[in-house]
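K.L.:
Residues per chain are reported as follows:
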Amino acid sequence: MNRILLIARREFLAYARTVGFWLSLLAFPLFAVLGGAVPLLVRGAETERAVVLIEEGAEATGLAAAVRNALDADIERRATRAREAAEQAAASTGAPPGSAESALASISRPRMRVVSAPTDLAASLPGPAQDALLRRYLTDETPKAERLDAVVFLSRTEGVPGARVWAARATDDTVEDFVRSALRDANREAALREAGIDAAVVERADAFRPEIGVFSPRSAGGGEVSFKDRLPGIIGLAFSFILWSLIITGASILLNSVMEEKSNKILEVLLSSASATEILTGKVLGVAMLTLSVLVVWGGIGSFGLIAAAPSVAADVGSVLMANGLIFYFAAYIVGGYLMYAVLFAAIGAFCETPRDAQTLMGPIMMVLVVPILVVQMALVNPDAPLVRFLSWVPFFTPFLMSARAPSGPPAVEIAGTMAGMFAVALLMVWLAGRAFRAGALSDVKLSWKSFGAAMGGGGR
Amino acid sequence: MAALTLDGVSKRYGDFQAVQDLSFTVRKGAICGFLGPNGAGKTSSIRMILGLQPTTSGRIEILGASDGRKVRDRIGFLPEERGLYKKMTPVDAIAFFGSLKGLSTSEGKRRARAMLEAQGLGASRNKQMKELSKGMAQKVQLIASVVHRPEFVILDEPFSGLDPVNQQGLETVIRDLAANGATVLFSTHVMQHAERLCDQVVLMARGRKAFDGTVAEARATSRRFIELEGDIAAEAVADLPGVTGVEVVSERGGVRVLKGSLASGVAGQETLKTAFLSGLDVRRFELKEPTLHDAFIDLTGDNPDQDQSVARPATSLEIAR
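Top line first, the protein sequences correspond to chains A and B. Just so it is clear: in the first sequence, position 86 is 86 by our numbering, and no numbers are missing. Just so it is clear: in the second sequence, position 300 is 300 by our numbering, and no numbers are missing.
Some hints could be false.
What the hints assert, rightly or not - Each computed DMTMM-like pair below joins lysine to aspartate or glutamate, with the alpha-carbon atoms no more than 25 Å apart:
| id | chain 1 | residue 1 | chain 2 | residue 2 |
| --- | --- | --- | --- | --- |
| 1 | B | Lys-28 | B | Glu-131 |
| 2 | B | Lys-28 | B | Asp-298 |
| 3 | B | Lys-86 | A | Glu-158 |
| 4 | A | Lys-265 | B | Glu-131 |
| 5 | B | Lys-134 | A | Glu-211 |
| 6 | B | Lys-130 | B | Glu-151 |
| 7 | B | Lys-288 | B | Asp-298 |
| 8 | A | Lys-265 | B | Glu-171 |
| 9 | B | Lys-134 | A | Glu-278 |
| 10 | B | Lys-28 | B | Asp-73 |
| 11 | A | Lys-228 | A | Glu-203 |
| 12 | B | Lys-70 | A | Glu-278 |
| 13 | A | Lys-446 | B | Glu-80 |
| 14 | B | Lys-86 | B | Glu-131 |
| 15 | B | Lys-134 | B | Asp-163 |
| 16 | A | Lys-265 | B | Glu-80 |
| 17 | B | Lys-87 | A | Glu-211 |
Worth flagging that the hints you see were computed from the coordinates, not collected in a lab.
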């Protein structure tokens with residue numbers, strides 16, 4: 001086996017054999033699943049709050065009914081949403097209707113229910129005695145089955161509805177928010193009635209949702225825009241983010257690896273066994289294999305999950321990737337982007353023995369690297385925005401911005417031009433950073449912009 | 001037959017002259033000590049011999065090649081500053097460096113186990129490097145540099161950081177390498193090792209060669225001296241024939257130890273005879289041969305233990321090849 005492959009293999013195995021690598025490999029899909037599942041589980045695990053409504057005085061008559069009606073309407077609305085979501089899920093996955101409905105209904109159940117007020121509480125008057133009663137019913141002084149989660153005193157002052165909410169947990173504002181919304185609706189209805197306007201008419205007017213069709217000559221059918229038409233943009237954005245994180249991760253691994261060899265005085269031993277070019281190439285290749293492994297595992301898990309959960313969406317994603325050679329553009333951007341940053345980080349590492357040494361250069365570089373992440377979101381809405389187009393020509397940003405733009409079909413001259421620029425700069429970086437790496441490998445000069453520039457420029461020879 | 005030839009080799013880093021007009025030859029199978037204080041130009045010369053850095057001028061031939069990189073698989077190198085991958089085991093580390101020199105991984109591992117066993121590190125062969133003591137790690141690195149059985153072994157300050165027991169062990173290893181046909185070039189600023197080991201020494205000071213020859217030849221360039229102990233005045237010793245200078249080494253209760261330098265070519269017997277005949281109170285006497293350390297000081301005017309390194313400017317970076 002030649003030296004480049006030997007060094008690449010050692011580099012790959014040095015990381016692939018660590019627990020940290022496997023944890024980080026599985027962390028992304030795991031967090032993706034958890035990120036979606038945890039809010040649902042939290043909501044599913046929430047108990048219905050037992051709430052007592054008490055009208056204070058004759059002026060408040062009707063306010064409890066208004067809150068109850070709002071609660072009934074909310075329950076109906078949630079049930080409808082759950083049913084519609086279940087139907088959509090069934091349509092996209094091909095599962096029989098009803099299989100997801102029960103699961104969705106369980107997480108869409110109402111968050112509160114109105115219960116009758118205990119007799120002593122209903123009969124109590126505002127004051128210390130009532131406060132003591134409230135404290136008893138809202139805390140574990142009362143058996144769990146009879147305990148309350150909130151007591152709402154509804155009142156009307158000068159015709160304006162209001163409420164005092166006693167909640168078992170000071171931080172739980174669910175009942176407060178719901179009552180505020182219900183009273184606002186009640187007040188609105190009363191105000192409309194006073195003005196001689198039928199509230200039902202206003203409600204119908206509010207409920208109106210116009211049917212709007214979106215058409216674009218760039219849609220797949222040349223007319224109406226569907227989810228499938230938006231999918232390329234979403235894929236481009238997602239790929240851009242994944243590419244950014246993989247390149248930064250890979251380049252950082254390389255930086256740390258070279259730094260370790262420098263600080264442990266291994267670089268000089270390696271240099272007596274292989275040329276600086278072989279060492280740099282082997283290391284870049286080894287970390288590339290590592291990064292590729294991560295991409296394959298993440299892509300594999302993502303594809304498997306998508307095919308299992310939504311085969312029709314998976315098919316659409318597949319067709320988008322294959323259309324117009326998009327997947328090959330992505331592959332080119334991975335290669336170009338990785339090369340540019342990997343060799344640069346490796347060269348910096350050759351001058352450093354600790355991460356602190358690297359900060360002089362890494363701080364500004366990382367700040368520049370944030371730019372494409374900020375701009376790439378603009379590319380999703382308007383891939384042809386002047387700023388996005390301009391920055392696409394900056395070779396260090398090309399892989400990220402053009403990944404996001406490529407699915408929207410930018411002009412061929414821009415694709416070819418930016419890609420040529422990216423590879424030209426990548427090759428220049430390989431040459432320049434290669435010089436800096438060779439200079440840093442045997443140097444005990446402290447890293448600075450001056451010393452790094454001198455190394456790239458020929459080491460002052 | 002020469003294994004290594006340097007002919008008028010010089011090296012500059014920017015304005016700094018690290019090595020100037022260095023010429024010497026090492027014959028095949030010899031142990032050559034490359035001696036001088038820190039900063040004398042030893043490491044720069046070694047890097048040029050290995051082909052890691054180009055010469056500014058001059059010619060180097062090693063194992064018949066004009067560039068060390070062409071024969072790197074036949075060379076073993078232990079750098080001055082040592083280290084191995086902390087998370088690798090000694091066996092894996094040795095096999096990896098062996099594989100870079102052309103050994104198969106399986107053969108590298110087989111040799112690594114045998115050599116670790118021979119060095120008393122058999123029990124540690126599967127531990128991570130970070131678990132080994134500094135002395136053990138240095139032994140592992142030495143094994144890694146010779147596992148491919150090189151024809152030429154270059155050891156840069158191999159004795160630094162080793163305790164006396166391990167230093168003695170390393171001397172044995174160096175003798176064994178030479179006994180098996182390898183040529184050994186090792187740098188050091190501790191002359192005693194060279195005195196015991198070397199067939200040839202090259203003395204370096206301030207980037208220049210000060211001497212090239214055998215240890216005996218180096219010593220012969222320096223003066224012998226006599227050491228006398230007794231109630232003797234320094235002036236009386238200075239008056240003895242052949243004595244060119246006197247130094248009081250110690251003095252206690254009127255009894256002095258005096259060191260008299262002898263003029264070049266003076267054997268010393270006549271000097272001692274005169275001392276006895278003139279009735280000096282000589283209670284102990286010794287005719288001392290100069291050490292390599294003495295020879296170094298005489299030849300260069302420098303102390304080999306004194307650091308001669310100079311900080312290089314940030315822009316005088318050297319590109320490795």
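K.L.:
Each hint needs a verdict: does it hold in this structure or not?
P.N.:
Going down the list of hints, with the structure as the test:
1. B:Lys-28 <-> B:Glu-131: 38 Å, violated
2. B:Lys-28 <-> B:Asp-298: 29 Å, violated
3. B:Lys-86 <-> A:Glu-158: Violated. Lys-86 of chain B to Glu-158 of chain A sits at ~79 Å, over the 25 Å cutoff.
4. A:Lys-265 <-> B:Glu-131: Given that 25 Å is the threshold and the Cα spacing comes to 17 Å, the pair holds.
5. B:Lys-134 <-> A:Glu-211: Violated, because 77 Å separates the two Cα atoms, which is more than 25 Å.
6. B:Lys-130 <-> B:Glu-151: 30 Å, violated
7. B:Lys-288 <-> B:Asp-298: 16 Å, holds
8. A:Lys-265 <-> B:Glu-171: Since the Cα atoms of Lys-265 of chain A and Glu-171 of chain B sit roughly 23 Å apart, the hinted pair holds (cutoff 25 Å).
9. B:Lys-134 <-> A:Glu-278: Roughly 29 Å separates the two Cα atoms, so the pair is violated.
10. B:Lys-28 <-> B:Asp-73: OK: Lys-28 of chain B and Asp-73 of chain B at ~17 Å, within 25 Å.
11. A:Lys-228 <-> A:Glu-203: 34 Å, violated
12. B:Lys-70 <-> A:Glu-278: OK: Lys-70 of chain B and Glu-278 of chain A at ~14 Å, within 25 Å.
13. A:Lys-446 <-> B:Glu-80: Distance of about 19 Å is within 25 Å: holds.
14. B:Lys-86 <-> B:Glu-131: Given that 25 Å is the threshold and the Cα spacing comes to 8 Å, the pair holds.
15. B:Lys-134 <-> B:Asp-163: Given that 25 Å is the threshold and the Cα spacing comes to 10 Å, the pair holds.
16. A:Lys-265 <-> B:Glu-80: 9 Å, holds
17. B:Lys-87 <-> A:Glu-211: The given pair, whose Cα atoms are some 64 Å apart, is violated under the 25 Å limit.
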